[in-house]
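Turn these sequences into a full structure, and let the hints guide you.
Note that the protein sequences, when read in sequence, are chains A and B.
Once you know that position 24 of the first sequence is 23 in numbering that gives the first Met the number 0, the rest is easy, because the numbers rise by one and skip nothing.
Once you know that position 183 of the second sequence is 182 in numbering that gives the first Met the number 0, the rest is easy, because the numbers rise by one and skip nothing.
None of these hints come from the bench; they were simulated from the model.
Using N, Cα and C, we set each Cβ at its ideal position, and we do this for glycine too.
Heads up, a few of these hints could be off.
For each label pair, taking beta carbons as the anchor points, the in silico distance ranges come out as [claimed, not checked]:
| no. | chain 1 | residue 1 | chain 2 | residue 2 | range |
| --- | --- | --- | --- | --- | --- |
| 1 | A | 519 | B | 100 | 57 to 65 Å |
| 2 | B | 181 | A | 288 | 32 to 40 Å |
| 3 | A | 515 | B | 74 | 52 to 60 Å |
| 4 | A | 185 | B | 156 | 29 to 37 Å |
| 5 | A | 45 | B | 181 | 50 to 58 Å |
| 6 | B | 2 | A | 28 | 55 to 63 Å |
| 7 | B | 67 | A | 179 | 29 to 37 Å |
| 8 | B | 127 | A | 45 | 32 to 40 Å |
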Amino acid sequence: MQAFVKNIAEQNHHQATHLLRILHAIQARYHHIPEAAIEQLATLLNIARTQIIGVIEFYSFFHLKPRGRYEILISDSITDHLLGKHQITAYLSEKLQVDIGEVRTDGLVSLDNTSCTGLCDQGPAGLVNGHALPHLDHARIDQISLLINQETPIEQWPTELFQINDNIIKRDLLLNHPLAPGAALQATFKRGLSATLAEIDSSGLRGRGGAGFKTASKWQYCRDEAESQRYVVCNADEGEPGTFKDRVLLNSYAQQVFEGMTVCAAIIGAEQGFLYLRGEYLFLYDKLHEILAERRQLGLLGKNLLNSGVNFDIDICLGAGAYICGEESALIESLEGKMGIPRNRPPYPVTHGYLGKPTVVNNVETFFAAAAIAHQSGEWFANIGTDKSNGTKILSISGDCAKPGIYEYEFGTSIETILNDCGAEELLGLQIGGPSGLFISDSELQRKLAFEDLATGGSFIIFNKQRNLLDIVNNFTHFFAHESCGFCTPCRVGTSLLKNQLDKIVDGHGSAGDVVALEELCALVKNYSHCGLGQTAANPIISTLARFPELYQSRLKKISYEPGFDLDASLETARQLANRNDAAAHLTQVEQD
Amino acid sequence: MTKTIRIDGNTVPFEDGQTIIEAATAAGIYIPHLCHHPEFTPHGSCKLCTVNVNGRNCSACTFPAMEGQEILNNSQELQADRQKITQMLFVEGNHFCPSCEKTGNCQLQAVAYHLNMLDSHFPHFYAHRELDASHAEVLIDHNRCIFCTLCVRASQEHDGKDVFAISGRGINKHLIVNAESGLLKDTDLEATDLAAHICPTGAILIKHTAYKVPIGERIYDHQHIDQVSLAAEQNK
Numbered sequence: 000m001q002a003f004v005k006n007i008a009e010q011n012h013h014q015a016t017h018l019l020r021i022l023h024a025i026q027a028r029y030h031h032i033p034e035a036a037i038e039q040l041a042t043l044l045n046i047a048r049t050q051i052i053g054v055i056e057f058y059s060f061f062h063l064k065p066r067g068r069y070e071i072l073i074s075d076s077i078t079d080h081l082l083g084k085h086q087i088t089a090y091l092s093e094k095l096q097v098d099i100g101e102v103r104t105d106g107l108v109s110l111d112n113t114s115c116t117g118l119c120d121q122g123p124a125g126l127v128n129g130h131a132l133p134h135l136d137h138a139r140i141d142q143i144s145l146l147i148n149q150e151t152p153i154e155q156w157p158t159e160l161f162q163i164n165d166n167i168i169k170r171d172l173l174l175n176h177p178l179a180p181g182a183a184l185q186a187t188f189k190r191g192l193s194a195t196l197a198e199i200d201s202s203g204l205r206g207r208g209g210a211g212f213k214t215a216s217k218w219q220y221c222r223d224e225a226e227s228q229r230y231v232v233c234n235a236d237e238g239e240p241g242t243f244k245d246r247v248l249l250n251s252y253a254q255q256v257f258e259g260m261t262v263c264a265a266i267i268g269a270e271q272g273f274l275y276l277r278g279e280y281l282f283l284y285d286k287l288h289e290i291l292a293e294r295r296q297l298g299l300l301g302k303n304l305l306n307s308g309v310n311f312d313i314d315i316c317l318g319a320g321a322y323i324c325g326e327e328s329a330l331i332e333s334l335e336g337k338m339g340i341p342r343n344r345p346p347y348p349v350t351h352g353y354l355g356k357p358t359v360v361n362n363v364e365t366f367f368a369a370a371a372i373a374h375q376s377g378e379w380f381a382n383i384g385t386d387k388s389n390g391t392k393i394l395s396i397s398g399d400c401a402k403p404g405i406y407e408y409e410f411g412t413s414i415e416t417i418l419n420d421c422g423a424e425e426l427l428g429l430q431i432g433g434p435s436g437l438f439i440s441d442s443e444l445q446r447k448l449a450f451e452d453l454a455t456g457g458s459f460i461i462f463n464k465q466r467n468l469l470d471i472v473n474n475f476t477h478f479f480a481h482e483s484c485g486f487c488t489p490c491r492v493g494t495s496l497l498k499n500q501l502d503k504i505v506d507g508h509g510s511a512g513d514v515v516a517l518e519e520l521c522a523l524v525k526n527y528s529h530c531g532l533g534q535t536a537a538n539p540i541i542s543t544l545a546r547f548p549e550l551y552q553s554r555l556k557k558i559s560y561e562p563g564f565d566l567d568a569s570l571e572t573a574r575q576l577a578n579r580n581d582a583a584a585h586l587t588q589v590e591q592d
Numbered sequence: 000m001t002k003t004i005r006i007d008g009n010t011v012p013f014e015d016g017q018t019i020i021e022a023a024t025a026a027g028i029y030i031p032h033l034c035h036h037p038e039f040t041p042h043g044s045c046k047l048c049t050v051n052v053n054g055r056n057c058s059a060c061t062f063p064a065m066e067g068q069e070i071l072n073n074s075q076e077l078q079a080d081r082q083k084i085t086q087m088l089f090v091e092g093n094h095f096c097p098s099c100e101k102t103g104n105c106q107l108q109a110v111a112y113h114l115n116m117l118d119s120h121f122p123h124f125y126a127h128r129e130l131d132a133s134h135a136e137v138l139i140d141h142n143r144c145i146f147c148t149l150c151v152r153a154s155q156e157h158d159g160k161d162v163f164a165i166s167g168r169g170i171n172k173h174l175i176v177n178a179e180s181g182l183l184k185d186t187d188l189e190a191t192d193l194a195a196h197i198c199p200t201g202a203i204l205i206k207h208t209a210y211k212v213p214i215g216e217r218i219y220d221h222q223h224i225d226q227v228s229l230a231a232e233q234n235k
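In structure tokens form, the structure reads like this:
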């Protein structure tokens, strides 16, 4: 192992910023990060062992204790639940003889849950040693169990087990007209850099990650910084449950995404770019590197690209299972090889980003659209959409509908149109923008897809009337508690309190004051949290409480007070110790009137 | 001309580069805080110092003072919410003031008194946390750690060492120490280090000193934390 670690550290030039990729290699080889490797790395990278341990314990895909040689993770996204995740996991657990959260005694296989894997349109989905497994059903699980028990190397597994589909159902302005490699760059250099920035400005393009900050302004601020070393970062940490459009863009339109990054780099004067790819999209990693190599061959990356005098190259950094890294300053921390904890702002990344230098961070779809605008014009884009929301939006639609997949719509399109197109029937409501977004009911279908009405990063999860709303909200609330980075008190403690308080109500232990207590907690977490994660973590509860208050009330017991836990079950140990099981050794939960 | 901000209607001067809490402290205005310390890089994690700046909540310890800021600090709403954030810290760990040797010298306890906290309000987590009594002179009681990182920063920025770090994610956050064994005795921490003395709660204690100052004669037994804090931090 010593030689392995030494070699990996050398390949990474002993850079502490490369800690995540070094740990990925060690985790893949040894199924955990052994203590000896931590000691060795601390010396080789000249960092404290505590920094390495901190990173390992922060990211879900790194482990201090060995996982199975085949590590299986099943997506816990609500979309996978709608497709039978619970039952599939139980079957898998039975077939492989391993409990959820455990490693089988022979060390061959481990099984656990993981946050949304971005395969919501082809679930239930999972990962085996990081490789995505869509469409899990009994037949596939039988096949997988056999392969594991026969210890077949993953490279020899049938490729159809790993076949991920794009499922692009509706194309519009952008998806209909993919650019030839180099087209946007040629147009940019012909028009001039300032003139191209003016086109991005007049296009009205706003960030596609959900926040909607004006792209041209971000680029302009970064360009205006005195510091000459600048960076371009593409945020492909698509972790919002129900979102998978960036996966499809990177699978089938990566040239254009990289082109958008290169246009940005030319305009702001950056020589280095990064694609921060979520760990769940490992299956795209090699393919994207090949595309980058191809672009270097074509003279679209590297020194003096297209004889423009511009030098720019792109590297790919793989995340390791942390939703918080979708927050741009946490993403930058992660790029630097650290725990993904959002920074204090100001300063903002445009002035103090990667390594403290001016940095533009944009979503995959933003760069994708920017490339098209650079090729065409601002007006071409601005002619489409509404006054405040120009162009189109690419949606990831999943849940209870006939045709889950990728849909591109002009801004201003009504929700009703979208639901008709994807074949949603017997609608209960839909979650727009993922758990951090908004739940709308079937009485709000005239509302519009737009920043000024329903802003979204692109996640649409549809629920029909057979679904239990509180189960959905519970899934989202557990997700946030699991993904809170733990930096600030209101989110670290508050998201866990929210989870416990909601569990109490959902499990039927709630009484009169418990919904009020839940609302109070929602306000605290929303108003005092450090970053967007905490500020939106209560949204599922807040938006459903506003629409369906009776649903919450109906779960409450008609008593003034009810203990938050099962009293009788808590006495079990005492009964065993006392060797008693008579009536007097049991308690009823509440004194009945 | 001096630049000014307004805090609860009072005009407060500031210099460029000052945070809101620095300007406030210099003007004799106390903003409750636990993770802030004037000597170290601001952290902004405990959120007790949240103030409302022109309608938006900001951490006073990290947010720069700027001309035109109308700041609410001592409002009823903020004080009530700060109390709840303090209660969150109490239920997250295991804080039994009557049996804690830090009682009376504890900033967490003193802030709780200042905010008129009379109960823990939220259900307790009853987290299972360990003690590290391995070091001859310094004890870690993880039950009382609030992840303020003051020990981390004091060790790095003052002691020139790197003894402490916060590891883990979410509610599983925990304090770790820089030793292969994971034990405090195997670090280079000395009892004279500032990091061993700076804990605002009873998570890091100097051994053999527990009751040398009797209860009743301790820092916050006769003074409120706002007076103590302002007196100490105005001198810095």
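Results of checking the hints against the structure:
1. In this structure, residue 519 (chain A) and residue 100 (chain B) break the distance hint of 57 to 65 Å, their C-beta atoms being roughly 34 Å apart.
2. In this structure, residue 181 (chain B) and residue 288 (chain A) meet the distance hint of 32 to 40 Å, their C-beta atoms being roughly 38 Å apart.
3. The hinted window of 52 to 60 Å between residue 515 (chain A) and residue 74 (chain B) is violated, with their beta carbons roughly 22 Å apart.
4. Take residue 185 (chain A) and residue 156 (chain B): their Cβ atoms lie about 51 Å apart, and the range 29 to 37 Å is violated.
5. For the pair residue 45 (chain A) and residue 181 (chain B), the supplied restraint of 50 to 58 Å is violated, since their beta-carbon distance comes to about 21 Å.
6. About 57 Å separates the C-beta atoms of residue 2 (chain B) and residue 28 (chain A), a value consistent with the hinted range of 55 to 63 Å.
7. Distance hint check: the CB atoms of residue 67 (chain B) and residue 179 (chain A) are about 50 Å apart, inconsistent with the given range 29 to 37 Å.
8. About 35 Å separates the C-beta atoms of residue 127 (chain B) and residue 45 (chain A), a value consistent with the hinted range of 32 to 40 Å.
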